[in-house]
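Take these sequences, add in the hints, and give me the full structure.
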Amino acid sequence: MTERHWAIEVERRAERDLERLDPPVRGRVLDAIARLAIDPANAQIRKLQGRPESRLRIGDWRVIFDLDAERQSISIKRVLPRGRAYRK
Numbered sequence: 001m002t003e004r005h006w007a008i009e010v011e012r013r014a015e016r017d018l019e020r021l022d023p024p025v026r027g028r029v030l031d032a033i034a035r036l037a038i039d040p041a042n043a044q045i046r047k048l049q050g051r052p053e054s055r056l057r058i059g060d061w062r063v064i065f066d067l068d069a070e071r072q073s074i075s076i077k078r079v080l081p082r083g084r085a086y087r088k
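Going by the working numbering, the sequence shown opens with residue 1, and the numbers climb by one from there.
Calculated from the structure, these hints are not laboratory results.
Check the hints yourself; a few may be wrong.
[Claimed, not checked] For each label pair, taking beta carbons as the anchor points, the in silico distance ranges come out as:
1) E70 - A34: 31 to 41 angstroms
2) P81 - V10: 13 to 23 angstroms
3) R84 - R4: 31 to 41 angstroms
4) N42 - E70: 16 to 26 angstroms
5) R71 - L48: 18 to 28 angstroms
6) R82 - R35: 14 to 24 angstroms
7) R4 - R87: 30 to 40 angstroms
8) D68 - R13: 30 to 40 angstroms
9) G83 - R16: 10 to 20 angstroms
10) G50 - P23: 12 to 22 angstroms
11) D22 - E70: 28 to 38 angstroms
12) P24 - R71: 26 to 36 angstroms
13) G83 - R4: 27 to 37 angstroms
14) Q44 - G83: 12 to 22 angstroms
Predicted model only: the values in this text are computed from it and were never measured.
By construction, the Cβ of each residue, glycine as well, lies at the ideal position given by its N, Cα and C atoms.
Structural data, given as structure tokens:
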């Protein structure tokens, strides 16, 4: 039986956020996103209050994303430090 991973779509703003990260931090963030694609139900994610997005915490960094359960896809919106992640 093969395991079906969720599709990951990275928006352009999130790509730029990832490019700006130090290589060790970028590696940790990408590993966390890969684990999220394997099993989002068991990932440590939180739905953001008053917003349609969810967040994944990686140390002091936050990955802001949308989950589409019907299409089994995850759309990465931003990768930001904790202090800036929740500003609208």
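Is 16 to 26 angstroms a correct range for the gap between the Cβ atoms of N42 and E70? 19 angstroms, holds
Verdict for E70, A34 (Cβ pair) under range 31 to 41 angstroms: 22 angstroms Cβ-Cβ, so the 31 to 41 angstroms window is violated.
Assuming the hint says 14 to 24 angstroms, is it satisfied by the Cβ distance from R82 to R35 or not? 19 angstroms, holds
Within 27 to 37 angstroms or not, the Cβ separation of G83 and R4? 36 angstroms, holds
Given a hint of 31 to 41 angstroms, does the C-beta separation of R84 and R4 actually sit inside it? Holds: the Cβ-Cβ distance is about 34 angstroms, inside 31 to 41 angstroms.
Starting from the hint 30 to 40 angstroms, judge whether the C-beta atoms of R4 and R87 obey it. 35 angstroms, holds
Between P81 and V10, is the Cβ distance one that fits in 13 to 23 angstroms? This hint holds: roughly 18 angstroms between Cβ atoms.
Return holds or violated for the Cβ distance of P24 and R71 against the range 26 to 36 angstroms. 32 angstroms, holds
Does the beta carbon distance between G83 and R16 stay inside 10 to 20 angstroms, or does it fall outside? 18 angstroms, holds
Assuming the hint says 30 to 40 angstroms, is it satisfied by the Cβ distance from D68 to R13 or not? 18 angstroms, violated
Verdict for D22, E70 (Cβ pair) under range 28 to 38 angstroms: 36 angstroms, holds
Cβ-Cβ distance between R71 and L48: within 18 to 28 angstroms? 20 angstroms, holds
This entry does not satisfy hints 1, 8 and 10, going by the numbered hints stated previously.
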